[in-house]
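So you can see what is in the structure, the chains are spelled out below.
Protein chains: 2
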Amino acid sequence: MTEYYLGVDLGGTNIKIGCFDSDINLIGKTSVPTGAKMGPEVVVERILGAARGLLEDSAITLDEVVGVGIGTPGPADYAAGIVIRSTNMPKFKNTPLRDMIGREGLGKPAILENDANVACWGEFAVGAGKGVSEMLFFTLGAGIGGGIVCNGDLVRGAHGNAAELGHVIVYPGGRRCNCGQRGCVEAYASANSTAARAVDAIGAGGDSTLKSVLERNGELTSRDVYEHSDAGDPLAREITEGTAEALALLCVSMLHATEPSKIVFSGGMIGAGESLLGRVRHHFQEQIWTLKEERVDICFATLGEDTGIIGAGALAKHAGEQGKLV
Amino acid sequence: MTEYYLGVDLGGTNIKIGCFDSDINLIGKTSVPTGAKMGPEVVVERILGAARGLLEDSAITLDEVVGVGIGTPGPADYAAGIVIRSTNMPKFKNTPLRDMIGREGLGKPAILENDANVACWGEFAVGAGKGVSEMLFFTLGAGIGGGIVCNGDLVRGAHGNAAELGHVIVYPGGRRCNCGQRGCVEAYASANSTAARAVDAIGAGGDSTLKSVLERNGELTSRDVYEHSDAGDPLAREITEGTAEALALLCVSMLHATEPSKIVFSGGMIGAGESLLGRVRHHFQEQIWTLKEERVDICFATLGEDTGIIGAGALAKHAGEQGKLV
Numbered sequence: 001m002t003e004y005y006l007g008v009d010l011g012g013t014n015i016k017i018g019c020f021d022s023d024i025n026l027i028g029k030t031s032v033p034t035g036a037k038m039g040p041e042v043v044v045e046r047i048l049g050a051a052r053g054l055l056e057d058s059a060i061t062l063d064e065v066v067g068v069g070i071g072t073p074g075p076a077d078y079a080a081g082i083v084i085r086s087t088n089m090p091k092f093k094n095t096p097l098r099d100m101i102g103r104e105g106l107g108k109p110a111i112l113e114n115d116a117n118v119a120c121w122g123e124f125a126v127g128a129g130k131g132v133s134e135m136l137f138f139t140l141g142a143g144i145g146g147g148i149v150c151n152g153d154l155v156r157g158a159h160g161n162a163a164e165l166g167h168v169i170v171y172p173g174g175r176r177c178n179c180g181q182r183g184c185v186e187a188y189a190s191a192n193s194t195a196a197r198a199v200d201a202i203g204a205g206g207d208s209t210l211k212s213v214l215e216r217n218g219e220l221t222s223r224d225v226y227e228h229s230d231a232g233d234p235l236a237r238e239i240t241e242g243t244a245e246a247l248a249l250l251c252v253s254m255l256h257a258t259e260p261s262k263i264v265f266s267g268g269m270i271g272a273g274e275s276l277l278g279r280v281r282h283h284f285q286e287q288i289w290t291l292k293e294e295r296v297d298i299c300f301a302t303l304g305e306d307t308g309i310i311g312a313g314a315l316a317k318h319a320g321e322q323g324k325l326v
Numbered sequence: 001m002t003e004y005y006l007g008v009d010l011g012g013t014n015i016k017i018g019c020f021d022s023d024i025n026l027i028g029k030t031s032v033p034t035g036a037k038m039g040p041e042v043v044v045e046r047i048l049g050a051a052r053g054l055l056e057d058s059a060i061t062l063d064e065v066v067g068v069g070i071g072t073p074g075p076a077d078y079a080a081g082i083v084i085r086s087t088n089m090p091k092f093k094n095t096p097l098r099d100m101i102g103r104e105g106l107g108k109p110a111i112l113e114n115d116a117n118v119a120c121w122g123e124f125a126v127g128a129g130k131g132v133s134e135m136l137f138f139t140l141g142a143g144i145g146g147g148i149v150c151n152g153d154l155v156r157g158a159h160g161n162a163a164e165l166g167h168v169i170v171y172p173g174g175r176r177c178n179c180g181q182r183g184c185v186e187a188y189a190s191a192n193s194t195a196a197r198a199v200d201a202i203g204a205g206g207d208s209t210l211k212s213v214l215e216r217n218g219e220l221t222s223r224d225v226y227e228h229s230d231a232g233d234p235l236a237r238e239i240t241e242g243t244a245e246a247l248a249l250l251c252v253s254m255l256h257a258t259e260p261s262k263i264v265f266s267g268g269m270i271g272a273g274e275s276l277l278g279r280v281r282h283h284f285q286e287q288i289w290t291l292k293e294e295r296v297d298i299c300f301a302t303l304g305e306d307t308g309i310i311g312a313g314a315l316a317k318h319a320g321e322q323g324k325l326v
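Quick note, the sequences are listed as chains V and F, same order. So for the first sequence, the working numbering puts the first residue at 1; every next one is plus one. So for the second sequence, the working numbering puts the first residue at 1; every next one is plus one.
Be aware that a few hints might be false.
Same chains, same label: a pair holds when it works inside one copy or across any pair of copies.
Result set (DSS-like, lysine-lysine): computed pairs, CA atoms no more than 25 Å apart in a straight line [claimed, not checked]: (1) Lys91 to Lys292; (2) Lys37 to Lys130; (3) Lys37 to Lys93; (4) Lys292 to Lys93; (5) Lys211 to Lys292; (6) Lys29 to Lys108; (7) Lys37 to Lys211; (8) Lys29 to Lys93; (9) Lys93 to Lys211; (10) Lys37 to Lys91.
Worth flagging that the hints you see were computed from the coordinates, not collected in a lab.
Can you build the whole structure from these sequences, using the hints too?
Here you go:
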């Protein structure tokens, strides 16, 4: 019998579901609005309905499904499969989401994992990290999320909160982070912080072609900053250089920690392309020790918009192989 | 049949060997001068002779020995069991030490691991980290060595060089480290760097009761600095405070990386006791995020001078259980 896996990417706005064969080829996918305001029972009903519809459309029976992977933002008790609370889904409180979807909903074993780890696992299993056994993964979005693969497995930590790599301190005493610490890499190099640093620099009297964008839109995005940096604006260039330097420091320190052979960046800001990647690589070489040459590939994620469902499907397969689907 | 393990701690001056039962109780130990100048063949002969003598004295036959763990300073190809070179043993060059001692020497399978990882594993298996599955380990000596345990196993990295935690950058652009980087935690908080920072501060005109010690001995040790700090000397206190701050930054960043439930400090400088540990804990609480309370125990190693052989014995047992003794 052919074996299939379902991957669920539960976001605040949309639920995406993918169906995968055992090589994690995408057989079919679907998407429905989350309806978060209506509470967890409604959300779960939508997931179950969409999953059943997807299987039917793909001519796959539930009997052929081995397990379900579910990616969700934290905080959650991943080992117990419970969403503790959710910024985007305020009615989720200690919701046993894994079992509501898995054992009770579809009659299938499942695994719940945070969305950054799920995306990391997707890139590791079938994306930019395919073929390596040690990998680091960073998402550059509103914040900086992370994932660590060691010995071919996700590093989850003592309480499921490992790989909070946005909160590695790169500049002690530096910018205040939302988490309460000072100098976190997230306070410098996330998409939001890259834009915020530009706004601050202009507010402090810096001259920049970004000034008119800020006046027109009332805000800046990291895309604005990279566009103006690429166009030669010195202030914008200084900001993007600072983003690359902070990320390079993160790469150096984390290389010495878990010695990955791949460091994979993902998230909206990788749209900046070589203006981001080339400079991170440059600053990494500037900062890294001279004791020996490091053979690490710093690169971009490759899975794109389907990362969440691919990662969830791949993680379901991996958990099944380890006997950890419950 | 009772099962036993041998643990070999190969240092530049002395070889220590311990014999352990399967609960890693120390049955007997011995020590012989390394004789490093005479080259690897002689060193291996001494190890084999000492090991056989130890077994005889302990009334254990080779038949009862399951495997041998060997701890050695790097750089080495641990997977292949080869010492690439050694600062303290200049005649070791691409020496297949694991097989010379193990399969060829004693007719037993063996595992070769770097000394910091071995000490880490000892503390994890039967010392300060006993009972946890996620641990960080730091040695504070001439440099800062490290060890990481995730998912109950050592993190070795893509090329066996993970957990070089002395080279996590805590102060970008800061003090030059021997490794070529700037701002490594090792450049601030090792025993040698703690002493060196005091010497620098006095050289820069700082007033201190350490001045007379420096004039008398021509150098300072970290013990001098802690003694004078404890006695109330403000400059010495500033230096030891700096050591604690750097170590706390390392703990914060690494907590967010692998989320250990124990962080264990070892090495000569832990002789400073509460003057070191209490302040690391204090600065950790000052620096750590406020998002949630962290349940991590920052503590000292407990195995003392036998760490090297205990760790090697425990690692041999673990590798045997994993089918990784070769």
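Flag every earlier hint the structure violates by its number, smallest first.
Violated hints (numbers, rising): 2, 5, 7, 8 and 9; every other hint is consistent with the structure.
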